[in-house]
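Student: Sequence:
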Amino acid sequence: MKTHAFVRSNASRALENGRKRIEALNIRRHRKTNSLTFDNHDDSSSDEEIISKKNKNDLKLCPDFTNYLYFLFAPTLVYRDEYPRNSRIRWNNVWSNFAQVFGAILYTHYIFSRFCIPVFKHFNTDSVTLKVFIQSILNCTLPGTLLLLVGFFAFLHCWLNAWAEMLRFSDRLFYKDWWNSSNFSNYYRTWNVVVHDWLYTYVYKDLFYVSKKSRLLYL
Numbered sequence: 001m002k003t004h005a006f007v008r009s010n011a012s013r014a015l016e017n018g019r020k021r022i023e024a025l026n027i028r029r030h031r032k033t034n035s036l037t038f039d040n041h042d043d044s045s046s047d048e049e050i051i052s053k054k055n056k057n058d059l060k061l062c063p064d065f066t067n068y069l070y071f072l073f074a075p076t077l078v079y080r081d082e083y084p085r086n087s088r089i090r091w092n093n094v095w096s097n098f099a100q101v102f103g104a105i106l107y108t109h110y111i112f113s114r115f116c117i118p119v120f121k122h123f124n125t126d127s128v129t130l131k132v133f134i135q136s137i138l139n140c141t142l143p144g145t146l147l148l149l150v151g152f153f154a155f156l157h158c159w160l161n162a163w164a165e166m167l168r169f170s171d172r173l174f175y176k177d178w179w180n181s182s183n184f185s186n187y188y189r190t191w192n193v194v195v196h197d198w199l200y201t202y203v204y205k206d207l208f209y210v211s212k213k214s215r216l217l218y219l
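Residue numbers (the numbering used here): 1 to 219.
Honestly, I wouldn't trust all of these hints.
Label-pair distances were calculated between CB atoms; the ranges are [what the hints assert, rightly or not]: (1) THR190 with PHE102: 23 to 31 Å; (2) PRO143 with THR190: 18 to 26 Å; (3) TRP95 with THR125: 22 to 30 Å; (4) SER12 with GLN135: 54 to 62 Å.
These are calculated hints, taken from the structure and not from any lab test. If you're wondering where the values come from, they're calculated on a predicted model, not measured in any experiment. Yeah, the Cβ is synthetic: ideal placement off N, Cα and C, and Gly gets one too.
Working from the sequences, and respecting the hints, build out all of it.
Tutor: Next up, the structure:
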């Protein structure tokens, strides 16, 4: 998803800047051929310096590698050349979030070993009836819900906040109040803002453009 975001965000810009660089090069060549006097030659040289600086700064075909490397580790799936950054790193928050991730892993192991594995460990030796299968599923409903909540807390809250703090990434809106959702549409938009932003930026908007603003995409 990050690779698609990087290529999708920079492909159109690279093509556009490449076209502008070719136009700038043609202008420079045209001015060189039309410079008849010494004064005109000086003006052409100064213009060439301005254009060359513009090519280096504004007409880059590809972002710097440092921008790409930062994006790989940043807790976001939408590429930008620059992100809002905090002034300092609060290492206490970093270690606290990683400690909570470790605690969530231990709790997940406990739930599996205590509630889930004993239910299914005899499935390959004993005959399994439909009644036993349904009972097994119902017995794992509550542990499965706990695992879902623990996984959500460990990744979308602790893990992403730890990396955001280390990278001084100030946009920490990784999820919204999905527990207050009254319908699936609202839940889909709020439970994972990171993935939803990627889908909106690189899938929905492109489909909206290709389909010529079809009303179906409003649904």
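Student: The structure should be examined with respect to each hint, and the outcome stated for every one.
Tutor: Hints, one by one, checked against the model:
1. Checked against the hint of 23 to 31 Å, the C-beta distance between THR190 and PHE102 comes to roughly 27 Å, which is consistent with it.
2. The given range of 18 to 26 Å is respected by PRO143 and THR190, whose C-beta atoms sit roughly 25 Å from each other.
3. TRP95 and THR125 have their C-beta atoms about 45 Å apart, which leaves the hinted 22 to 30 Å range violated.
4. Against the hinted window of 54 to 62 Å, the Cβ-Cβ separation of SER12 and GLN135 comes to about 56 Å, which satisfies the hint.
Hint 3 alone, counting from the list given before, is not met by this structure.
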